[in-house]
Every structure is written in structure tokens, then in C-alpha cells.
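With numbering that gives the first Met the number 0, the residue at position 207 of the sequence shown is 206, and numbering never jumps.
Careful: at least some of the hints might be erroneous.
Ranges between beta-carbon positions, derived for each pair [said to hold, decoys possible]:
{"no.": "1", "residue 1": "E263", "residue 2": "E115", "range": "20 to 26 Å"}
{"no.": "2", "residue 1": "M17", "residue 2": "V271", "range": "29 to 35 Å"}
{"no.": "3", "residue 1": "K18", "residue 2": "T48", "range": "37 to 43 Å"}
{"no.": "4", "residue 1": "I19", "residue 2": "S269", "range": "26 to 32 Å"}
{"no.": "5", "residue 1": "L124", "residue 2": "D194", "range": "29 to 35 Å"}
{"no.": "6", "residue 1": "E115", "residue 2": "D212", "range": "28 to 34 Å"}
{"no.": "7", "residue 1": "N316", "residue 2": "E6", "range": "18 to 24 Å"}
{"no.": "8", "residue 1": "F312", "residue 2": "A53", "range": "39 to 45 Å"}
{"no.": "9", "residue 1": "D15", "residue 2": "L295", "range": "30 to 36 Å"}
{"no.": "10", "residue 1": "R63", "residue 2": "L214", "range": "35 to 41 Å"}
Since the hints were made in silico from the structure, they are not lab data. Nothing here was measured: the structure is a model prediction, and the numbers come from that model. The beta carbon of each residue, even a glycine, is placed where N, CA and C say it ideally should be.
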Amino acid sequence: MDQLGEERRKAQFDVDDMKIVWAGSRHNFEVSDRMAKLVASDPAFRKDTRTMLARQELFKNTLRKAAYAWKRIVELRLSEEEASKLRFYVDEPAFTDLHWVKLGMFVPAIKGQGTEEQQQKWLPLAYKMKIIGCYAQTELGHGSNVQGLETTATFDRQTDEFVMHSPTLTSSKWWPGGLGKASTHAVVYARLITDDQDQGIHGFIVQLRSLEDHLPLPGITIGDIGMKFGNGAYNTMDNGVLRFDHVRIPRSHMLMRVVQVTREGKCTQSDVPRQLVYGTMVYVRQAIVADASCALSRAVCIATRYSAVRRQFGSQNGGPETQ
């Protein structure tokens, strides 16, 4: 007996119409349906073994899937909307999630806080995956309290450079996804220091690893923080730790759409609201809520289907177990 089919036939509404209402529009439904079928039909995206893999194999498996998904995005010329849905249905958090546009942080930070010149330099490299980026804000001692961050970026007027430094243990960047193993670059949030004056928190593009051999650059200590609670979930992600020992970067690597530092070390502010510095984190937090609603919808679907087919206890007349 097709128990689910029988339940569907009892519905007092059009199921196809309900799908469109749930998706928000016919367009949204068609994109979701197309990407879901693309993932389901491709053996490379199989999910049935991931709960049995050790963390190292789980991470390697996710890397393969992320690389393959990116290849398919390029081959099929998928839009950002389609690529975002593809990522959702692959359903294994990977370094590309923090790098990319939808739900990502590296590219959105550059788009939101970089000048036009900076966007022209960095975005083509990021879009073509010639560099892989992450978002390094959270520290061992401070997370959501951005004003408490301890990493410093001190301007050296003589060399026209910023000196990135982690002055304390608690200033270590801790937890950024994609940092532990994959990223070559990061948008690092640090205290801007000019002429011994603390100018507040700002973002800086910092190269972390060599583009030749992927080893950490001089002055940079970097690594993976290891297992997270539960086998699965974010164990597919290389959350990392990062410390700077007087690492020098060009002045042009400070994201300067909001605040600018001149060659003479003068700090000026544009007409763009200063709060935009925190825009990437706000954007991602609302995206996480949207992503969570999709995960919840899966759970509701599974629970509803199970309740329809669940049978327990025998009937008093000797018939089948009751629903």
C-alpha cells in the first residue's frame, strides 16, 4: 500500500500550488526544483556515507564535493541564485561557503567595504578562485563584542604599510570557517592605530598562505582547531586559529570605502555610514536565519511523512496496526 500516496490524495488543496506558495514564487520554486534534481541525480554528491566517516575523511570528501560543485557552477554558468541553491542541496558546509557571495563573507566584505579600485583588484581573483578567502573577526577573547577585538593594525608612515599583530593570547583569531586549511587570504578585523591613536575596528585584506606551495607566510601562525561536537555538521568545515607576529601589508590593503588612511597617516571618513564596517556580519546573520528555516522545513517534511506511515499497536479486531 502506498501510504504516502494515499495521504496526498486526501489533501484538500492543490499540492503543486502549495509548493509555489511555500517557495514564495513560481520562479523560486523552479530554481529550487532544478537545483535539487541536479544534486540528486549526480553520484558525486552522495550523502549516504558521510555519517560513517572519520573527521579527516569527512573533510577531504567535502573538499572534493566543494571543488566539483564549483566546477559545475562554472560549466553550467549558474547564476548566484542558482549557485546558492546548489550549495544548499549539497548540504555540507565547506570553505566555499565563507568565500562566496550568498551566505559568504569574504566577497561580500570586499563588495560592501572596499573602494571601486579595491573591488576591481580583488573581486576578479575571488570569482575565479585564484584566491580563497575567509572572514577573520572572532577572537579567542571576543566574538560579537567587536569593540573588544585586540588584534592591531598599526600604520608605519615610513614604509607606507600596516603592521598586523596579535599582542595577546586572547587576540588570536579563533573559529573563522575556511581559515584552518583552505584560505589563502582573509578579511581581518583589527584595531586601526595611527600616530598612537586608536581609530576603532576596520577590515584589512591579508594574504595568509603562499600561492605557490600554500604554506603560511612569515610571521603568520595558522591552523585548524580540530573536531567540533558531533560527527558531521561543521566538522566538514576547517574552522581555524590565526596569529600575527608583526606582519606587514600595504596601506592599500585596508578596506577604505568607509574610512581612509592617507600616505601621511591622516585618518579621514567618507559620507558612507561607519556602521557599514559591520554590515557583512549583519548580512550573514540574517542569511543564517533564512538557511535555518530551510533546514527546519526538511525536518518538518520528514516528521510529517513519518507520522503518515507510522503504525503501532494491533487493532482490537485483529486487523493491521493503527495509524
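Query raised in the report: Are there hints from earlier that the structure breaks, and if so, what are their numbers?
Result: Numbers 2, 3, 4, 9 and 10, in rising order.
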